[in-house]
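Peer 1: These protein sequence lines are chains A and B, in that order. In terms of our numbering, the first sequence is residues 1 to 173. In terms of our numbering, the second sequence is residues 1 to 276.
Read the hints as simulated data drawn from the structure, not as lab findings. There's no promise every hint is true.
Unchecked claim - Straight-line C-alpha distance at most 25 Å; calculated BS3-like pairs for lysine-lysine:
| # | chain 1 | residue 1 | chain 2 | residue 2 |
| --- | --- | --- | --- | --- |
| 1 | A | Lys46 | B | Lys19 |
| 2 | B | Lys217 | B | Lys134 |
| 3 | A | Lys50 | B | Lys12 |
Claimed, not checked - Just a sample of chain B residues kept apart from chain A, beta carbon distances all over 12 Å, derived:
| # | residue |
| --- | --- |
| 4 | Ser33 |
| 5 | Asn48 |
| 6 | Leu84 |
| 7 | Asp90 |
| 8 | Ile164 |
We treat Cβ as the ideally placed atom computed from N, Cα and C, and that holds for glycine.
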Amino acid sequence: MKPKPRPAGQYAEFMARAYTLELEATERYAQFAEQLETHNNREVAKLFRKLADIEALHAKRILDEMQWPSMPALPPAYAWEGAEGPETAPLDAIHYLMQPYHALEIALRCEREAQKYYEGIAASRAPKQVRDAAREMAAEEAGHVTLIEEWMRRVPRPAAGWDEDPDPPRMNE
Amino acid sequence: MNAPLTIPLQAKDFKSDYKPVWCPGCGDYSVLSAMTKALAMLDLRPENVAVVSGIGCSSRIPAYTTCYGFHGVHGRALPAATGLKVARPDLTVLVASGDGDGYSIGGNHFLHACRRNVDLTYIVMDNHVYGMTKGQPSPTTEPDWCSKLAPGGTGVREFHPLVIALASGANFIARAFSGDPNGCAGLIAEAVRHPGFSFIEVLSPCVTFRPEQRGWKDRAHPAPVAPTDDPARAARRLMSDDGFNIGVLFKGNRPAFSAGSTQCGQMQDLEKAFQL
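The following block holds chain A by itself, in its conformation from the complex (with noise of 0.2 Å):
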């Protein structure tokens, strides 16, 4: 099959970047919440799906923005900064006796992320055009850590040995 061409400028490289960007985080909370369906912790599962409904529907506001109809031909996989996106959580930060409270933790520390990443690129001798766009989506940034901190007011906060289990599903005998 013919490769799409490569989108034309480092406008529509950011964005496909920062598209990728969140793909990449959507892919990884609906992987938590699969985990956390399969050891039972419902609750959390269902946080986390709708975490990744919400990146989801970051990522697909991007393809409508570019007028994309998906994601354009780029290599596969960015060198971040990091081993992976810097909105994506990472893959041990979870445990199947979780909170809420910890899984919003979890998307306020990538919101951040995310929010610093495009402040160094607004800050950067990047073009006009991708220094403004990084802005608007640092502030966009700024504004999911605001709304996840609310959040974080309205669960409650684990109590100590939230983590203990009496009869844990595995230990060494």
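Chain B: place on chain A using the hints.
Peer 2: Here is chain B on its own, set in the frame of chain A:
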């Protein structure tokens, strides 16, 4: 007649509907993700790929893919995969294992699979512990790792799989880290493309029995030098390796084994010998 239209597949097309039952946060989730991404990158189709495994947490992986799968006997994934590849060279055969299954129970098969150099990709998810059976030390466990099951540690030095693979004749040797699923996918794809026996050790933390392995993300780093095709140079590098160099470490140029290369006659002649 027009050629049949083939639509490129995505990673999700290689994932089955079975939900993995690994512990939340287990590195093996990331290896599954990397494996499916690699298969999509290689433009393969599930019906042309077989995933063969032994026993252990990591060996559950075939069921989680839409490829052909064989969840076999403890330590015996490699002989089954070797037979499959020799009989069906058209298939891409991936072999999944863990440090217990692959280096202890299947240790002998590991040596000879490297030596035979059949075109397989062997992915070993190494977490330095037997996770499925609740935390016994494995061949790659550090001698001083103290646990309820090994008070004071085993005192036995670790197995060095990459050096063993090199000495035994593996044609491609790499180390990946599950904390970098995109990098891991790239390495798996490169290993599949490379002819002969390709071995990838994936550092895949066990968050349940080795929670301290969460710290591996701070230790894993890209290998500072390009891969070599010189086994002597590779041996020196691997012997002084810190265990956290990530990337392709050796790319040999031995021709892969093929069933036709042994000059043992035609199938009909062999069949005659078995006639009563």
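Peer 1: State for each hint whether it applies.
Peer 2: We went through each hint and held it up to the structure:
In summary, the hint linking A/Lys46 to B/Lys19 is supported, as the alpha carbons are separated by about 16 Å, within the 25 Å threshold. Proposed proximity of B/Lys217 and B/Lys134 is supported: the alpha carbons are some 23 Å apart, at most 25 Å. A C-alpha spacing of about 20 Å is found between A/Lys50 and B/Lys12, which places the hinted pair at or below 25 Å, so the restraint holds. At the 12 Å boundary, the C-beta of B/Ser33 falls inside the reach of chain A, the nearest C-beta of that chain being 7 Å off.
With 12 Å as the threshold on Cβ separation, the claim that B/Asn48 sits away from chain A holds: the shortest Cβ distance comes to roughly 17 Å. With 12 Å as the threshold on Cβ separation, the claim that B/Leu84 sits away from chain A holds: the shortest Cβ distance comes to roughly 28 Å. Every C-beta of chain A lies more than 12 Å from that of B/Asp90, the closest at about 21 Å, which supports listing it as non-interface. Once the 12 Å rule is applied to beta carbons, B/Ile164 is consistent with being away from chain A; the minimum gap is 27 Å.
Checked against the numbered hints given earlier, this structure breaks only hint 4.
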